[in-house]
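**Student:** If you want the building blocks of each chain, they are given just below.
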Amino acid sequence: EAAVTQSPRNKVTVTGGNVTLSCRQTNSHNYMYWYRQDTGHGLRLIHYSYGAGNLQIGDVPDGYKATRTTQEDFFLLLELASPSQTSLYFCASSDAWAWGGYEQYFGPGTRLTVL
Amino acid sequence: GEQVEQRPPHLSVREGDSAVIICTYTDPNSYYFFWYKQEPGAGLQLLMKVFSSTEINEGQGFTVLLNKKDKQLSLNLTAAHPGDSAVYFCAVSAGTGGLSGKLTFGEGTQVTVIS
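Residue numbers (my numbering), protein chains in the order written: chain A, 1 to 115; chain B, 116 to 230.
So here's chain B without its partners, still in its complex pose (with noise of 0.2 Å):
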């Protein structure tokens, strides 16, 4: 089955710099990929949602790459700021829905960004 790895673990960020967090997975059918940030003492937040089709999608100050090839999902975080400092988790599926379906999860990055 599918196996997701998700690094660094932790990630300590100056303001103003960048920082990227990668996920490999395994399964080259792997269709959708989803950024979810976790502030805390909250729960999971969507960032961004990529398909097969999406290589580069950008967002409100992060940028997602999807390269296929190398079967690798980034997240990289552009300018941080202190509103950035969470825990991070990538998530990927198929794309199959119904019983036989399955989202993993890789393991969380904690980001800490240093004023």
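Just chain A, with the same shape it has in the complex (with noise of 0.2 Å):
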């Protein structure tokens, strides 16, 4: 059973458009992460969190909320979406600081796009 899910795989919308992306993981870890991945740019860190009601600012964080409700779930909120917003978005989890070395596992991704 795969151990980071997200949701809605695929989503279309407006440009100003308001949009919600779902990430749940049952790794029990503590740390999560929002990254878009984009041609050329690799993968780029939007928010982050290390606990139930955390909320770290990642690189690129302009356009972006986010909401960690539970230990398991993690949202990425786009309240104004925009046409540079279109992107694949990945989530990830790991059970402590991934730049301290620790492997995240990720989800299938969330291919979005905003016309």
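Don't read these hints as lab results, they were simulated from the structure.
Yeah, the Cβ is synthetic: ideal placement off N, Cα and C, and Gly gets one too.
A couple of the hints might just be wrong.
[Said to hold, decoys possible] Each pair of labels, with its calculated beta carbon distance range:
{"id": "1", "chain 1": "B", "residue 1": "His196", "chain 2": "A", "residue 2": "Thr70", "range": "38 to 44 Å"}
{"id": "2", "chain 1": "B", "residue 1": "Glu173", "chain 2": "A", "residue 2": "Lys65", "range": "42 to 48 Å"}
{"id": "3", "chain 1": "B", "residue 1": "Leu161", "chain 2": "A", "residue 2": "Arg44", "range": "32 to 38 Å"}
{"id": "4", "chain 1": "B", "residue 1": "Glu173", "chain 2": "A", "residue 2": "Asn18", "range": "44 to 50 Å"}
{"id": "5", "chain 1": "B", "residue 1": "Lys186", "chain 2": "A", "residue 2": "Ala96", "range": "24 to 30 Å"}
[To be verified] The list that follows gives simulated cross-link-like pairs (lysine to aspartate or glutamate, DMTMM-like), each with its CA atoms no further than 25 Å apart:
{"id": "6", "chain 1": "B", "residue 1": "Lys217", "chain 2": "B", "residue 2": "Glu120"}
{"id": "7", "chain 1": "B", "residue 1": "Lys217", "chain 2": "A", "residue 2": "Glu72"}
{"id": "8", "chain 1": "B", "residue 1": "Lys183", "chain 2": "A", "residue 2": "Asp38"}
{"id": "9", "chain 1": "B", "residue 1": "Lys152", "chain 2": "A", "residue 2": "Asp59"}
{"id": "10", "chain 1": "B", "residue 1": "Lys152", "chain 2": "A", "residue 2": "Glu103"}
{"id": "11", "chain 1": "B", "residue 1": "Lys164", "chain 2": "A", "residue 2": "Asp59"}
{"id": "12", "chain 1": "B", "residue 1": "Lys186", "chain 2": "A", "residue 2": "Asp59"}
{"id": "13", "chain 1": "B", "residue 1": "Lys217", "chain 2": "A", "residue 2": "Asp59"}
{"id": "14", "chain 1": "B", "residue 1": "Lys183", "chain 2": "A", "residue 2": "Glu72"}
{"id": "15", "chain 1": "B", "residue 1": "Lys164", "chain 2": "A", "residue 2": "Glu79"}
{"id": "16", "chain 1": "A", "residue 1": "Lys11", "chain 2": "A", "residue 2": "Glu72"}
{"id": "17", "chain 1": "B", "residue 1": "Lys164", "chain 2": "A", "residue 2": "Asp38"}
[Unchecked claim] Going by beta-carbon spacing under 7 Å, a handful of chain A positions derived as facing chain B:
{"id": "18", "residue": "Leu43"}
{"id": "19", "residue": "Glu103"}
{"id": "20", "residue": "Gly109"}
Both chains come to you apart, so use the hints to assemble them.
**Tutor:** What follows is the structure in structure tokens.
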């Protein structure tokens, strides 16, 4: 059974639309991350969290909000979607800080298109 | 801050041949190095993690080499097979956990194995 799941897998919205991407992990990890993947840029960190109720800003946070409601659930919110946010979004979890040498476990991704 | 350049962006290799992907990083304090594999329609999966003291590490069908002098990390796919067709990412961190840490991904290499 997949340990990190994301929904929806595909989403199309219009400019100015409101979008929520969901992520759930069953790894019992405290650390969760949202990335976007764009050609030529690799993965870029949007927001991350080290526990329920905790939120930290990543490298490309503009236009995004996030909420961590439980240890398992992490949401990414686009309140006024723009075409520049068309991307492939990944959620990941880890046992401790990913940059402290810990493996990240990734979900299958959500492809978002903003028209 | 850390910058990671990954080359080549695309790689075609005949089945049974070898192929090399190279990441060049800038921070001499980099300590943890990761290779992730992304198969079509799936999230990233860890191939291998190497530490500062590791120079060569072998896995199933691949070899990872760390050259700290030249600040290069390489992934050598040996005897490529169709299952190796995927996007490969390197990721580098200075090993600092906590809010001041950072994990930097390369841009990715699309590998296509031709039968």
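**Student:** Would you mind marking each hint as holding or not holding in the structure?
**Tutor:** We went through each hint and held it up to the structure:
1. His196/B - Thr70/A: 38 to 44 Å: 41 Å, holds
2. Glu173/B - Lys65/A: 42 to 48 Å: Given about 44 Å between the Cβ atoms, the range holds.
3. Leu161/B - Arg44/A: 32 to 38 Å: The hinted range 32 to 38 Å is violated for Leu161/B and Arg44/A, with Cβ atoms some 19 Å apart.
4. Glu173/B - Asn18/A: 44 to 50 Å: 49 Å, holds
5. Lys186/B - Ala96/A: 24 to 30 Å: With Cβ atoms ~26 Å apart, the hint holds.
6. Lys217/B - Glu120/B: Between Lys217/B and Glu120/B the Cα gap is close to 16 Å, so the pair holds against 25 Å.
7. Lys217/B - Glu72/A: 23 Å, holds
8. Lys183/B - Asp38/A: 28 Å, violated
9. Lys152/B - Asp59/A: At roughly 22 Å apart (the allowed maximum being 25 Å), Asp59/A and Lys152/B satisfy the hint.
10. Lys152/B - Glu103/A: 13 Å, holds
11. Lys164/B - Asp59/A: Roughly 23 Å separates the two Cα atoms, so the pair holds.
12. Lys186/B - Asp59/A: Within the cut-off at roughly 23 Å; holds.
13. Lys217/B - Asp59/A: Measuring from Cα to Cα gives roughly 9 Å; hence the hint holds.
14. Lys183/B - Glu72/A: 38 Å, violated
15. Lys164/B - Glu79/A: Given that 25 Å is the threshold and the Cα spacing comes to 37 Å, the pair is violated.
16. Lys11/A - Glu72/A: This hinted pair holds, its Cα atoms lying about 22 Å apart.
17. Lys164/B - Asp38/A: 23 Å, holds
18. Leu43: Leu43/A check passes; min Cβ-Cβ to chain B is 4 Å, inside 7 Å.
19. Glu103: 5 Å, holds
20. Gly109: At 6 Å from the nearest chain B Cβ, Gly109/A passes the 7 Å test, so the hint holds.
Violated hints, in rising order: 3, 8, 14 and 15; the structure is consistent with all others.
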